[in-house]
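Enquirer: Modelling step: build the complete structure from the supplied sequences, incorporating the hints.
Going by my numbering, the first residue of the sequence shown is number -7, and it counts up by one from there.
If you are wondering where the hints come from, they were derived from the structure by calculation, not from laboratory data.
Glycine is no exception: its CB is placed at the ideal position from the N, C-alpha and C atoms.
There may be inaccurate statements among the hints.
[Unchecked claim] Taking lysine-lysine and the DSSO-like style, the derived pairs with C-alpha atoms no more than 27 Å apart in a straight line are:
id	residue 1	residue 2
1	Lys95	Lys157
2	Lys108	Lys148
3	Lys95	Lys148
4	Lys143	Lys95
5	Lys33	Lys47
6	Lys64	Lys143
7	Lys18	Lys95
8	Lys98	Lys148
9	Lys47	Lys95
10	Lys33	Lys157
11	Lys108	Lys95
12	Lys108	Lys33
13	Lys64	Lys95
14	Lys143	Lys157
15	Lys108	Lys98
16	Lys108	Lys47
17	Lys157	Lys108
18	Lys64	Lys98
[Unchecked claim] Label-pair ranges, simulated between beta-carbon atoms:
id	residue 1	residue 2	range
19	Met111	Tyr2	26 to 36 Å
20	Arg65	Phe97	26 to 36 Å
21	Arg154	Tyr20	32 to 42 Å
22	Asn107	Ile135	16 to 26 Å
23	Leu159	Val124	19 to 29 Å
24	Ser(-4)	Leu133	29 to 39 Å
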Amino acid sequence: MKNSDFDSLYGEYVDLVHYTAYSMAKDYHLAQDICQEVFEKVFRAIRGLNTRNVKGWILVVTRLTAIDFLRKRSRRKEEFLGDAAYGLEPVSPVDIEMEYQRKEFKDELFLALYNKNEMWCEIILQLDVEGVAPAELAQRLGISLNHLRVKHHRAKSWLRSRFGKELEELF
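Expert: Below, the structure written as structure tokens:
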């Protein structure tokens, strides 16, 4: 895709992204922030996007971005109480940079996984990120529990072979 395709992508998917973000965040203004972040990522990655998979990729990025925003918001609530109350040190710029790099790596990882096999991406997201029970996910996907475990193992093996040491540092 080209940069000139961004406007059409934005027009086509902005409502879907906003709806997805709002359904997760339950906060209109936070959903707008998530939407802005998602389309910033779309703009940065537009040259590498496959037109066939763009809707699914945008939804995956939306879900991951919403999860990141919700985690940040819960951390901010804890920080509001004051780090001194917990005996914690303030966060250094190095820690912030590492967190940013980790977030960028996760986006790259899930994009590569999605492009490799959409079902693998869904399985990893549901089991490892969102914590859905394997039996529930197998039923939702219409596959046996053993088949789900095989696909999960294959996805993790592919991630290890593709990302190796970086993946170990992430988790």
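Enquirer: Hint by hint, say whether it matches the structure.
Expert: A quick look at each hint next to the structure:
{"no.": "1", "hint": "Lys95 / Lys157", "in the structure": "16 Å, holds"}
{"no.": "2", "hint": "Lys108 / Lys148", "in the structure": "12 Å, holds"}
{"no.": "3", "hint": "Lys95 / Lys148", "in the structure": "19 Å, holds"}
{"no.": "4", "hint": "Lys143 / Lys95", "in the structure": "25 Å, holds"}
{"no.": "5", "hint": "Lys33 / Lys47", "in the structure": "14 Å, holds"}
{"no.": "6", "hint": "Lys64 / Lys143", "in the structure": "31 Å, violated"}
{"no.": "7", "hint": "Lys18 / Lys95", "in the structure": "22 Å, holds"}
{"no.": "8", "hint": "Lys98 / Lys148", "in the structure": "14 Å, holds"}
{"no.": "9", "hint": "Lys47 / Lys95", "in the structure": "21 Å, holds"}
{"no.": "10", "hint": "Lys33 / Lys157", "in the structure": "25 Å, holds"}
{"no.": "11", "hint": "Lys108 / Lys95", "in the structure": "20 Å, holds"}
{"no.": "12", "hint": "Lys108 / Lys33", "in the structure": "19 Å, holds"}
{"no.": "13", "hint": "Lys64 / Lys95", "in the structure": "12 Å, holds"}
{"no.": "14", "hint": "Lys143 / Lys157", "in the structure": "22 Å, holds"}
{"no.": "15", "hint": "Lys108 / Lys98", "in the structure": "15 Å, holds"}
{"no.": "16", "hint": "Lys108 / Lys47", "in the structure": "15 Å, holds"}
{"no.": "17", "hint": "Lys157 / Lys108", "in the structure": "19 Å, holds"}
{"no.": "18", "hint": "Lys64 / Lys98", "in the structure": "16 Å, holds"}
{"no.": "19", "hint": "Met111 / Tyr2: 26 to 36 Å", "in the structure": "28 Å, holds"}
{"no.": "20", "hint": "Arg65 / Phe97: 26 to 36 Å", "in the structure": "22 Å, violated"}
{"no.": "21", "hint": "Arg154 / Tyr20: 32 to 42 Å", "in the structure": "38 Å, holds"}
{"no.": "22", "hint": "Asn107 / Ile135: 16 to 26 Å", "in the structure": "21 Å, holds"}
{"no.": "23", "hint": "Leu159 / Val124: 19 to 29 Å", "in the structure": "21 Å, holds"}
{"no.": "24", "hint": "Ser(-4) / Leu133: 29 to 39 Å", "in the structure": "37 Å, holds"}
Comparing the model with each earlier hint shows violations of hints 6 and 20; every other hint is respected.
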